Amino acid sequence: MYQTTVSFQAPLTPQDYCSEAALARENQYVFEATWQLVGLVSSINKPGQYLAAEVGRIPVVVRNFEGELSALLNVCAHRHCTLVSAAAGQSEKLKCPYHGWEYGADGRTRKIPAAKNFPNFDRDRFRLKKFSLEQCGDLLFVRIAPEGPSLKEWMGDLFERFEEWTSSAAWRPIAHLNVSAPSNWKVPVEVSLESYHIPEVHPHSFGEDPGESESHHSLSSSSTSFYTSFVGPRVIDRFMRFYEQFLLKIMGAPFLGKYQHHHVFPNLLVSHTDSLTLFQVVRPTGSTTASSNVWQYGRQSLRKNPFSRLTAAMWARVTAWLSHQVLKEDLQIFQHVQRGEQVATDHSLFGRCEERLYAFQKFLTELIRTGESIRTSCNTAGAESQPEHFIDTPISEQK
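So the sequence shown is residues 1 to 399, counted in the numbering used here.
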């Protein structure tokens with residue numbers, strides 16, 4: 001059932017999907033203030049392995065320093081060169097490719113070539129900024145803001161579910177996909193938050209909208225969720241349900257026949273069935289373009305015989321292909337929505353079935369309003385600080 005009995009005017013305006021000013025506000029007050037999924041623990045479980053991501057306006061590198069994971073500013077403190085340029089990799093040292101400065105897990109310099117050129121060097125001042133880093137199962141999250149709720153507090157009851165789906169023996173990562181979207185980042189997020197579009201956008205893959213009687217929405221201050229056990233009337237729908245149940249039985253895995261979708265604000269989308277779990281994070285690459293990283297976890301055989309394991313591997317490939325098809329179908333509509341937002345003059349209208357979109361947009365507007373209010377108060381009080389790397393006197397003259 002839906003929670004609301006009325007329709008809504010969208011809190012956001014069409015300009016919020018197109019303007020650089022809107023993107024700047026979102027980067028500062030939304031992405032840099034909240035927990036952001038940057039990758040998997042299992043992808044950097046060896047010393048020297050790293051991954052890089054843009055969190056709002058901030059380039060971040062997360063690296064394994066001899067077993068210690070650390071999230072650091074991906075910018076050298078010397079002449080501000082990016083430390084790593086690849087999205088992931090492995091290196092003996094975290095070393096700047098420009099002048100060879102090396103850094104440790106605490107962000108301090110470990111080696112500076114020709115160090116005598118920097119008399120009275122202050123290692124505490126000229127270091128890499130370190131960010132909050134927490135994990136949920138196999139998922140790694142970074143927060144740029146120095147203060148805020150813990151990851152578990154932010155996710156609430158969803159934390160334990162995500163932990164189970166990514167760290168138990170029943171699941172393992174089977175695919176990673178990066179998709180570019182020709183739209184504002186909010187368009188891919190909002191498409192996933194309602195089933196109203198299914199008959200038009202997914203007529204062959206999903207077929208029908210479950211409707212209110214087969215849908216349950218849960219809304220909270222930091223997330224929304226959708227649950228259903230709906231099976232379409234098509235023969236293929238019922239065959240796939242039977243086939244999935246049959247394969248899971250071979251694998252010794254439970255079959256509940258339920259689908260759930262979670263949106264952890266602002267940009268983490270999680271889909272879960274008995275056979276697969278998708279973790280998708282959508283980030284802006286511009287005011288009218290975005291990038292989606294999708295990690296898929298597949299159900300593993302709980303039986304040790306070769307046939308069960310082969311069945312699990314085969315079924316994982318099938319579900320990965322099906323998931324990719326659905327993502328491609330959604331991708332086709334993004335550009336048309338973006339084109340419409342660029343010429344629209346009025347707010348969108350949300351139906352009762354689109355209440356999750358309204359909750360998301362209310363979250364965005366309130367977070368931005370709070371951030372701007374705090375900034376205005378600081379400016380009024382004269383509390384604006386200088387940039388961290390601002391130098392007004394020579395190092396040798398500082399005490």
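FYI, nobody ran anything at the bench for these hints, they're computed from the structure.
From a predicted model like this one, the values you see are computed outputs, not experimental measurements.
Accuracy of the hints is not assured; some may be wrong.
[To be verified] Below, simulated DSS-like cross-link-like pairs (lysine-lysine); rule was C-alpha separation at most 27 Å, straight line: (1) Lys129 / Lys93; (2) Lys93 / Lys116; (3) Lys304 / Lys328; (4) Lys46 / Lys95; (5) Lys46 / Lys116; (6) Lys95 / Lys129; (7) Lys93 / Lys111.
These are the hints, each one checked on the structure:
For the hint pairing Lys129 with Lys93, the CA-to-CA distance comes to about 17 Å; that is within 27 Å, so the pair holds. Restraint check for Lys93 and Lys116: satisfied, since their Cα atoms lie roughly 22 Å apart, inside the 27 Å limit. As the CA atoms of Lys304 and Lys328 are separated by approximately 35 Å, the hinted pair breaks the 27 Å bound. Straight-line distance between C-alpha atoms of Lys46 and Lys95 comes to about 17 Å, which keeps the hinted pair within the 27 Å bound.
A hinted pair counts as satisfied when its Cα atoms are at most 27 Å apart, and Lys46 with Lys116 does not qualify at roughly 34 Å. Our distance criterion of 27 Å between C-alpha atoms is met by Lys95 and Lys129, whose separation comes to about 15 Å. With a C-alpha separation of about 10 Å, the suggested pair Lys93 and Lys111 falls inside the 27 Å cut-off, and the hint holds.
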